[in-house]
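Visitor: Numbered according to my numbering, the sequence shown terminates at residue 476, and the numbering increases by one at each position without gaps.
Do not rely on the hints blindly, as some may be mistaken.
Distance ranges between label pairs, derived from CB positions [as the list claims (entries may be wrong)]:
| # | residue 1 | residue 2 | range |
| --- | --- | --- | --- |
| 1 | Ala145 | Glu210 | 36 to 46 Å |
| 2 | Phe73 | Ala201 | 43 to 53 Å |
| 3 | Tyr77 | Pro329 | 48 to 58 Å |
| 4 | Val204 | Asp302 | 44 to 54 Å |
| 5 | Leu163 | Thr49 | 40 to 50 Å |
| 6 | Glu210 | Val116 | 29 to 39 Å |
| 7 | Ile149 | Ala229 | 21 to 31 Å |
| 8 | Ala259 | Asp300 | 40 to 50 Å |
| 9 | Ala201 | Val240 | 45 to 55 Å |
Since the hints were made in silico from the structure, they are not lab data.
Built from N, CA and C at the ideal position, the CB exists for glycine as well.
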Amino acid sequence: NPRSAIGLIVCVGAAWAVAGWRGTWRRPTWRLLAIAAVAALLAAPELTSLVRFRELYYFVRYTSYGSVPDYVAASIDAVSAPAFALAIAGLVAACVLPRRYVITRTVAVALLAYAAVTVFFSSGADTWIQQLEATRLMPVQRLLTIYAAAVGLAAASTVAAARWRMPSWAATTTQAVVVGAMLVIFLGPERLMPFWSRGLYPVQRSGVAEMATFQQVLTVAGEQAPPGTAIFVAGSAIAGHQQLWAPVRLDRLFFYDEWMWYWHTQHPGPYDPERASKFDPDRIGEAWDRAYLDRNAIGAVVVARAMQPRADQAPALRRVFGGTFGLYTVIDPVGLITLAGRAPARIEIANASLTAEGTSAGGDAVVRRNWFPRWRATVNGAAVPIVHTDDGYMRVRIPPGAARLDLVYVLDRVDVAARVLGLVGVAMLAVLAWAPRQRRAIAELRHDRVHTTAAK
């Protein structure tokens, strides 16, 4: 996730700059390098995979800031107008506070640098970094802005109390009153403050009738779809990718009319994966053609009400019932694995393995599951190569007669080495945590010896 890396780089850079400005550069440089090394080691398994398999993933940019004023407006909306104003006061305070306020200065530098970076990438430079949208940089900025707003509130109340010669407890009381007033405004009616300026947005809830219906239909779909087949979920009755809640309810293979979470461009369907994240609604019927259903081993289809007329016209589907979500079963479905065109006598699907047993006339076994470099295959106990098909799935050569095909998702030597590096990171973290205590203990021991010698 490059936006996380950008946030880390900016914040660590701010800490390094502030620490170096306060004294020598050598000590903060070595400390931050040590932290970076430990962090990289702890994340070695993930970082290694991202580097090894970077060619397998793609990204479609959907959002951007149209202009700098749009970015400023979004920054205000992210925290609310009052908090944004207090954050500006906090940035001003960071410039005049004594040098000992290291964290405040670091946050101020990081916030200004992060805003500059966001504007830079909003100007079209986001294409320089894969899988980056400038709008996705806002969460880190929001955290920094909230901290700056807290500093601004403390500074403003302290200055006001000193100027008007109020008692020492007045600043704290002022802060409590301001926070209380903001809570009343935020949680009160819209006339107190426009909703768009509160920085709060309604949270979508799953405890609604449409979700309960969806879960019930999924349960029936799991009973109707033959073992070893997938379930296609199309449409939504609520906002926010309702289809993608399906695996929470049912442990089956799923397909969707929305492919935002799909990881390759080879899946054939009624959409352009380089430009869109979901199937074209006007072409959704293509997903229920016999060729598409067989290619992807779909055994049942769950369809939202708006798309049911299209499903009713599909000759390969049999309607079970309609409603908010309708259920359709596939006539004569094809399974996840076929042995040279024949259905296996047994299919077993586990978390990291696939097994199929049966007889064939010889040829290719087709596995309708995404190809990935970590898959390993054996036929009747002997290792065999896996062919990456044009549609992103897998083929394995099998002999005529009885055949047992096993596919296992493995950890290879590089994966094991990356995990060993992760353990090294844990050990280094323990050393870094232990070393300061040990130094303090040695210093205290030396101090005690000096005083003992002096006393003698």
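Visitor: Could you run down the list of hints and mark each one as holding or not?
Guide: Here is how each hint holds up against the structure:
The given range of 36 to 46 Å is respected by Ala145 and Glu210, whose C-beta atoms sit roughly 38 Å from each other. Evaluation of the 43 to 53 Å hint for Phe73 and Ala201 yields a pass: the beta carbon distance comes to about 52 Å. With their beta carbons about 36 Å apart, Tyr77 and Pro329 fall outside the hinted range of 48 to 58 Å. One distance hint, 44 to 54 Å for the beta-carbon pair Val204 and Asp302, holds here, with the actual separation near 49 Å.
Restraint check, Leu163 to Thr49: a C-beta distance of roughly 25 Å breaks the suggested window 40 to 50 Å. For the pair Glu210 and Val116, the supplied restraint of 29 to 39 Å holds, since their beta-carbon distance comes to about 37 Å. Under the hint 21 to 31 Å, the C-beta atoms of Ile149 and Ala229, about 43 Å apart, miss the expected range. Checked against the hint of 40 to 50 Å, the C-beta distance between Ala259 and Asp300 comes to roughly 19 Å, which is inconsistent with it.
Distance hint check for Ala201 and Val240: the Cβ-Cβ separation is about 52 Å, which falls inside the suggested range of 45 to 55 Å.
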